[in-house]
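Same order as they appear, the protein sequences are chains F and Z.
Taking UniProt numbering, the leading residue of the first sequence gets 1, the next gets one more, and so forth.
Taking UniProt numbering, the leading residue of the second sequence gets 1, the next gets one more, and so forth.
Just so you know, these hints were derived from the structure itself, not from any lab.
Honestly, I wouldn't trust all of these hints.
[Claimed, not checked] Dumping the calculated BS3-like pairs for lysine-lysine here, alpha-carbon to alpha-carbon at most 27 Å:
1) K121(F) to K19(F)
2) K43(Z) to K137(F)
3) K70(Z) to K137(F)
4) K156(F) to K121(F)
5) K195(F) to K137(F)
6) K19(F) to K206(F)
7) K93(Z) to K43(Z)
8) K70(Z) to K93(Z)
9) K137(F) to K156(F)
10) K69(F) to K93(Z)
11) K104(Z) to K121(F)
12) K43(Z) to K104(Z)
13) K69(F) to K19(F)
14) K93(Z) to K126(F)
15) K70(Z) to K19(F)
16) K156(F) to K99(F)
17) K119(F) to K156(F)
18) K194(F) to K137(F)
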Amino acid sequence: MENTDKISDGVITHHVLHKSNTRGHANHGWLESYHTFSFANYQNRERMNFGVLRVLNDDRVSQGMGFGKHPHDNMEIISIPLEGDLEHQDSMGNTTVIKEGDIQAMSAGTGIFHSEYNKNKDQLVKFLQIWIYPNEKNVTPRYDQITLDLNDRHNKLQQILSPNPEDEGVWIHQDAWFHIGKFENNFSTLYELKKPGNGIYAFVLKGDFTLGNISLNERDGLGIWDTNTIKITANSANAEILLMEVPMQL
Amino acid sequence: METINILYIGRHLEILATVVRLINANANANWNGVGVMNDEEAKEIFLRKDFSLVLLGSGIQEQSEADLCKFFINHNPNISIVQHYGGGSGLLKSEILLGLYNNKN
Numbered sequence: 001m002e003n004t005d006k007i008s009d010g011v012i013t014h015h016v017l018h019k020s021n022t023r024g025h026a027n028h029g030w031l032e033s034y035h036t037f038s039f040a041n042y043q044n045r046e047r048m049n050f051g052v053l054r055v056l057n058d059d060r061v062s063q064g065m066g067f068g069k070h071p072h073d074n075m076e077i078i079s080i081p082l083e084g085d086l087e088h089q090d091s092m093g094n095t096t097v098i099k100e101g102d103i104q105a106m107s108a109g110t111g112i113f114h115s116e117y118n119k120n121k122d123q124l125v126k127f128l129q130i131w132i133y134p135n136e137k138n139v140t141p142r143y144d145q146i147t148l149d150l151n152d153r154h155n156k157l158q159q160i161l162s163p164n165p166e167d168e169g170v171w172i173h174q175d176a177w178f179h180i181g182k183f184e185n186n187f188s189t190l191y192e193l194k195k196p197g198n199g200i201y202a203f204v205l206k207g208d209f210t211l212g213n214i215s216l217n218e219r220d221g222l223g224i225w226d227t228n229t230i231k232i233t234a235n236s237a238n239a240e241i242l243l244m245e246v247p248m249q250l
Numbered sequence: 001m002e003t004i005n006i007l008y009i010g011r012h013l014e015i016l017a018t019v020v021r022l023i024n025a026n027a028n029a030n031w032n033g034v035g036v037m038n039d040e041e042a043k044e045i046f047l048r049k050d051f052s053l054v055l056l057g058s059g060i061q062e063q064s065e066a067d068l069c070k071f072f073i074n075h076n077p078n079i080s081i082v083q084h085y086g087g088g089s090g091l092l093k094s095e096i097l098l099g100l101y102n103n104k105n
């Protein structure tokens, strides 16, 4: 276990807390979705974005169902499957399946069409859909997916996304870094922001955490800014958290 | 109910068609969407119709965007000009509602 004596308790002063039960909710039968930020019929002017993070949807798609062919442009779109398999097709000719442990990134740029379906007839697919405003408009569309080593996030923060093609994880057109950690109870670590001025949005995938002086439960979200480091402590066994470091200026 | 005219400009034909279809599908809001792909057509239709909102879509280069914005504001200082991201999916309604809200306030 990491020596927490070296980690200051760092009271968080600038933050926004989104408890899980305050998120927007849509149930379309085949799709149940929780929206952290305004999306489709969920409209809340207080919840438009956190910096360049514009969409955080927590989706559950019924067996064999999915999102038919639809367009995107000028958006970095990241999908993280949490359970089940998602079948992807797009106008760039990609036909793939992403599963738990994978991460998919698309730069929509000048425009793409894609579809995402639950590949399985006997199991829900649960995944996070995350949209980030790009730092450059009208780029050439691109698609990427990788399989992550799930062991590499045990009691550590595993980088899953960055702005650099040579770095660990997928890359996008934005100065953003994503990490996932899966911690034992009482494990603590420190996250140091990569770029001055960035903020960090934490989303609890499983279990309970304390970030600085703020307690979080499953599916709570916490945005923090004006800080360089954040202390993260797990308060339950096998607690899992997604950290999204993003620029605060659009 | 007053019709709210919305002009969408984008270079990608299929996305343009999708965005206009989605705008016009919001029948309760009485939105009327018109889409064009080139700047001259956009300027010409802007002078003919009373638009409340302009959505700038994909593929518009920086200089073109600056010229269009200047033209629209010169002819209607109260116009809301909004960058549309996402190709017509989940953000469209937010962008339009926020643009119209900012227009009123």
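Consistency of the hints with the structure:
1. K121(F) to K19(F): violated (32 Å)
2. K43(Z) to K137(F): Between K43(Z) and K137(F) the Cα gap is close to 22 Å, so the pair holds against 27 Å.
3. K70(Z) to K137(F): With a Cα-Cα distance of about 20 Å, the restraint between K70(Z) and K137(F) holds, given a limit of 27 Å.
4. K156(F) to K121(F): Violated: K156(F) and K121(F) sit about 35 Å apart, past 27 Å.
5. K195(F) to K137(F): holds (21 Å)
6. K19(F) to K206(F): holds (14 Å)
7. K93(Z) to K43(Z): OK: K93(Z) and K43(Z) at ~24 Å, within 27 Å.
8. K70(Z) to K93(Z): holds (25 Å)
9. K137(F) to K156(F): This hinted pair is violated, its Cα atoms lying about 34 Å apart.
10. K69(F) to K93(Z): Measuring from Cα to Cα gives roughly 19 Å; hence the hint holds.
11. K104(Z) to K121(F): With a Cα-Cα distance of about 49 Å, the restraint between K104(Z) and K121(F) is violated, given a limit of 27 Å.
12. K43(Z) to K104(Z): Answer holds: K43(Z) to K104(Z) is near 23 Å, not above 27 Å.
13. K69(F) to K19(F): Since the Cα atoms of K69(F) and K19(F) sit roughly 32 Å apart, the hinted pair is violated (cutoff 27 Å).
14. K93(Z) to K126(F): Since the Cα atoms of K93(Z) and K126(F) sit roughly 25 Å apart, the hinted pair holds (cutoff 27 Å).
15. K70(Z) to K19(F): Given that 27 Å is the threshold and the Cα spacing comes to 42 Å, the pair is violated.
16. K156(F) to K99(F): holds (22 Å)
17. K119(F) to K156(F): violated (31 Å)
18. K194(F) to K137(F): At roughly 23 Å apart (the allowed maximum being 27 Å), K137(F) and K194(F) satisfy the hint.
Checked against the numbered hints given earlier, this structure breaks hints 1, 4, 9, 11, 13, 15 and 17; the rest are met.
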